[in-house]
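Trainee: Listed in order, the protein sequences are those of chains A and B.
Number 197 in my numbering belongs to position 197 of the first sequence; there are no gaps in the numbering.
Number 97 in my numbering belongs to position 97 of the second sequence; there are no gaps in the numbering.
Worth flagging that the hints you see were computed from the coordinates, not collected in a lab.
Some hints could be false.
Once the Cα atoms are required to be at most 30 Å apart in a straight line, the calculated DSS-like pairs of lysine-lysine come out as [stated by the list, open to error]: (1) A:232 <-> B:260; (2) B:29 <-> A:323; (3) A:232 <-> B:114; (4) A:232 <-> B:257; (5) B:207 <-> A:349; (6) B:95 <-> B:202; (7) A:295 <-> B:202; (8) A:349 <-> B:217; (9) A:326 <-> B:114; (10) A:248 <-> B:269; (11) A:6 <-> A:248; (12) A:319 <-> B:202; (13) B:75 <-> A:319; (14) B:109 <-> A:308; (15) B:109 <-> A:232; (16) A:349 <-> B:123; (17) B:75 <-> A:232; (18) B:256 <-> A:232; (19) A:319 <-> B:114; (20) A:349 <-> B:109; (21) B:49 <-> A:186; (22) B:123 <-> A:248; (23) A:323 <-> B:114; (24) A:186 <-> A:157; (25) B:204 <-> A:326; (26) A:319 <-> B:204; (27) A:326 <-> B:202; (28) B:204 <-> A:323; (29) A:349 <-> B:256.
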Amino acid sequence: MKDINKKTGLARAKDIYNHRSKRARELKAEGKKVIGYFCCFPPVEIMTALDFLPLRLLGDMDEPITVADGYLPTVMCIFYRSTFDLGMKGRFDFIDGFIGAHACDGAERTSYIWSNYIKTPCNFFLDLPHVDKGEAVSYFKGQLNYLKETIEGLAGKKLDIESLKEAISLHNKQRQLVRELYYLRKPDPPLINGSEVLQVMISIMMIPAEEGNALIQEVIDEVKTRQDIPDKKNGRLLVWGSLIDNIKFTDLIESSGLNIIIEDTATGTRPFWHDIEETEDPLDGVARHYLQEVKCPRTFAETDTSYKEDLENRYSYLKDFAKYWKVNGVFGNIIRNCDIHGYEIPAVKDYLESLGLPVLIIEQDYSTASLEPLRTRFQAFAETIG
Amino acid sequence: MFYAGLDIGSTITKVLIKNERKVCTTVIKPTGAEHRRLANEIMDEALRKLNLTTANISYIVATGYGRINVPFADKQVTEITCHMRGINWLFPSVKTIIDIGGQDSKGIKVDNGKLVNFVMNDKCAAGTGRFLEVISDLLGVKLDDIGEISLQSTRPTNISSICTVFAEQETLLQLSKGTSIEDILAGIHRASASRIHSMVKKIKIEKDVAITGGGAKNIGLCKALEERVGFPVIVPPEPLITGALGAALIASEETKKISKEELIEKQLKRRWEAVTFFDEKPTKG
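Same shape as in the complex, but just chain B (with noise of 0.2 Å):
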């Protein structure tokens, strides 16, 4: 039997099948603006991979900010308890966890394996992947180089803000008196550790601590969250990928709650078709 957990970020989509054993495949791709319709795409796209038909899933569950009205889940479970059971499953001895992701950031308590706990971050960019990104466009570097040139920093600078649009007159204000890059990006990178890490401390940052989302794959920001932390952190192999994980162990569960006519029932439901947004009824919570 084959589950499927698909993760609808507000940047990537990610989808995860896996079996009673192991994680078969994954398939990572940009979201965009309208790529997000084209969910079931990426979900094809990881079923051919495998060789399988949408009839050979047991039980799909959709999570992250797309999660609301896809026509082909068989239930909606937030990423804050897919973070979190993706998390476990990887490292059980982890009770707190930063995910980093394109429009917000959270911090997610794990309790036994229970999701206890959470904050997220309020309207604002700070603190997310998407002022990394404001600041990478600025300064003319790849966002995924950004997180190593910080580590050559030797005089790392100060951004004090907190807003993106004010950090970025920062960055203009530093760039003109000649800072160089390296110093710059390793005061950006303290600067948005510092505001992701005031909030997780809110819910007691307790050891150890595991950070996701695409922010974990920048080093620089993981090394200056570490220093605010005060220890080191976990950062999985692939950071994106462990909500659409948790999604998966999930729909795993499901499968077992309800029998086997029931299971039917619900495939026969499925429709194969773009997903929307806000607009339709809501996949079943």
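With the rest of the complex left out, here is chain A (with noise of 0.2 Å):
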């Protein structure tokens, strides 16, 4: 592998998580195409096995949305409207592909106005069921095959069974090597910060899969032995919600007296938490990971049970969560307008406080110019758990 400034570990996350694109217009002018995509369902293991190189789209906390508000309304969630600024800006000019996909209705719209807009030379809209059982998972089968077969035309190959499923081991080592690195923050104070965790997470989104690998093994190797851990602080804390993708609102939470310790989110364990079953039809255990185990409250989990009973279904995850990382506290992040996680705020904090868990409920305007008001908040919700 090439690594032209040579970092390694933390200070090769930190720096592709500030050049983003950097390692992906480096490829592509070697000549790799580039497929960027929406939210944590368009399934990358395909892309990978047809030599793509899959890149999150994300939004920017730092860049004031200015363009996109000319297409889309400002009550819809401010982080995909900051992801298509971002487009109109020319910020993912190099893509030669773009997957959206039907991950909430903000990312439906935004799909669609994107490949009116963006000219992205390919352009593919996966639509995903809301429910995750029966029929739900042979229709989104198809459409995984719909997908397959729009990008087979960008790369001018057919996609071999063979390299699906070495992509999926691929992936599912990279699902693994997320774990391990989760796994060094159940110690207290945790052996790696959040800023940290999540710039290696963004790391991995941005670069080829067995890079990103290779980064979180030495990530491991290097936080293993170090010396200058985070300090011990009152809470120990669990985020739930919307994604965070910008250091400086994890820095904040995390010189306000608090540890983050897990993120059930977008950017946190949802995608990686749960490995690809090895099913004789790779595709088969593709769609039933990906509309099964990649909890979101997009997808309904339906139970027809009681209240309680269907928390427990829904929640006990979290439940198992809180109990091996040792966590004492939750913060809910709601981005502004996310609809799918703000109506689920009263159940999700109903199941947690009756666990015994404080929770600290902020809806947010994805913008770092409004990070500091929050400071008491966090500051205030430190001083309750300690």
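Got two chains here, each in a separate frame; can you build the complex from them with the hints?
Mentor: Given below as structure tokens:
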């Protein structure tokens, strides 16, 4: 592997985090094609198997939204407005393909508008059912076939089963490494802080899977033997909700008397917590994984039971997280106008408080300029825990 | 031994110095655009009143919106915890605190002297002191007088809006209709109380309820809130100072937690300089 600046581990992650498209542009210059995708539902395995670099499309909390508001209503999720804004400003002008997804209504709307206004050469919209059982799985598998056919056209070759299987095991390896990294946060204080983990997580979504795997391994080795671990703090925090993709936010939280221990978000555990099962037709395993195992309130895990059982059914994984990582508080992060997570608040809060966990809910503006006023809330929350 | 609490609010800066038994002195000054930098002078003033020097103060806790970078504070604690501690010391029976500050308002829940829950207004001036300031300016009445004036109202007008800018427009409309200032102000206080009440309701209002902050100095607002809450509320004799009092109480507790050597080391680190805001290293939280 060629690494031009020769940085390794955390320093490399920081570098990739700061220059997110740098590696993609380098690879593009070497002839590799890049596919940008929305949220954690388009299967990266299919892209990797066809020799594409999958690149997660994110917004930028540092960049004021100036262009997107002419295309998308301001009552919509600010994260997707920001992502689209960057697209309109040419931030992703190097990508060869764009895969939008019905992750939520905001993502769907943005996907269509993206293919209309941003001239990415190849566009695909991945439909994703809201339920996760029965025919929904076969329907979703059908959609994955359409996705495959579309990007086969861009690749100029057919997807062969063996490369897909290899890609699945490569990405499963990544999932295992991410979990290993998260286990390093179990001690008190954790061996690695939330901002460092975020830098690693963002990085692996911007570079090829093999390089990502090598990076996580380097970080794990570095962190295990490091001396300068984070300070012990009052709060050990579980972050639940909309994604966080800027370390200014995690820095603010962690300078307010809280250590971030685990994130149940779309840039945290969600894409990585379960491996894809090896099935005879690999697409079966892929379809089931993305529909059933990527935990996001956008998919209804229906139950015909009592409210209490329903909560248990939907959120018991949060109880397991809280127990294993010994968290003593939960931050419910809602990006303003994120209906998917917003509507979930009463239930998730009920459930977590019944476990004796204090919950802090903040609806934030996805802008670093408006972060500082949140400091008092985080610090006071830490003081209630302490 | 003396302990100091310094509460740099968005509008007013308060200093309180106490010893083991009682509050020795308090100083209350506007924060202002430049004055906030001069929190050290306000601190000096308090010390002069007691004939003390900085070295006599065992521990200094900074709180309030300006707490982040106080070069002479030994610790920073949020105003939420500090108001809670201050009120709990004054009125141990209080379970719900409504703090109405210059630029924000908060609901605070106390249980056995511990902070258990809180809620703060989002980015909006409605339901804060700033809202009342804007309206009193518009009506040409002194802020200190609007509460008393509103009590003389016979037919309070309905100010429906929850937005400061729109409320301003509604006020102008009422003025042009010939509505009396008393009735307009009564409506304004009701609108403000309703906004604050619906926010604090989220953390469940339990008896006893105390009101703190500048808003508590406004009798019209307190009465309107009492009406909303449905039972009498407690207003401390000096509602501006409860945050600084809580900070001083925490200061005396912190002193006991650490050794004499550590204390001296902390005191040597204090820099007697103006307070800066967010561009420097924060005081250790």
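Trainee: Indicate, hint by hint, whether the structure satisfies it.
Mentor: Verification of the supplied hints:
no., hint, result
1, A:232 <-> B:260, "holds, 23 Å"
2, B:29 <-> A:323, "violated, 48 Å"
3, A:232 <-> B:114, "holds, 22 Å"
4, A:232 <-> B:257, "holds, 17 Å"
5, B:207 <-> A:349, "holds, 25 Å"
6, B:95 <-> B:202, "holds, 14 Å"
7, A:295 <-> B:202, "holds, 29 Å"
8, A:349 <-> B:217, "violated, 36 Å"
9, A:326 <-> B:114, "holds, 22 Å"
10, A:248 <-> B:269, "holds, 28 Å"
11, A:6 <-> A:248, "holds, 26 Å"
12, A:319 <-> B:202, "holds, 25 Å"
13, B:75 <-> A:319, "violated, 34 Å"
14, B:109 <-> A:308, "holds, 27 Å"
15, B:109 <-> A:232, "holds, 27 Å"
16, A:349 <-> B:123, "holds, 23 Å"
17, B:75 <-> A:232, "holds, 17 Å"
18, B:256 <-> A:232, "holds, 21 Å"
19, A:319 <-> B:114, "holds, 25 Å"
20, A:349 <-> B:109, "holds, 18 Å"
21, B:49 <-> A:186, "violated, 52 Å"
22, B:123 <-> A:248, "holds, 20 Å"
23, A:323 <-> B:114, "holds, 24 Å"
24, A:186 <-> A:157, "violated, 45 Å"
25, B:204 <-> A:326, "holds, 29 Å"
26, A:319 <-> B:204, "holds, 26 Å"
27, A:326 <-> B:202, "holds, 28 Å"
28, B:204 <-> A:323, "holds, 29 Å"
29, A:349 <-> B:256, "violated, 37 Å"
The structure shown violates the earlier hints numbered 2, 8, 13, 21, 24, 29.
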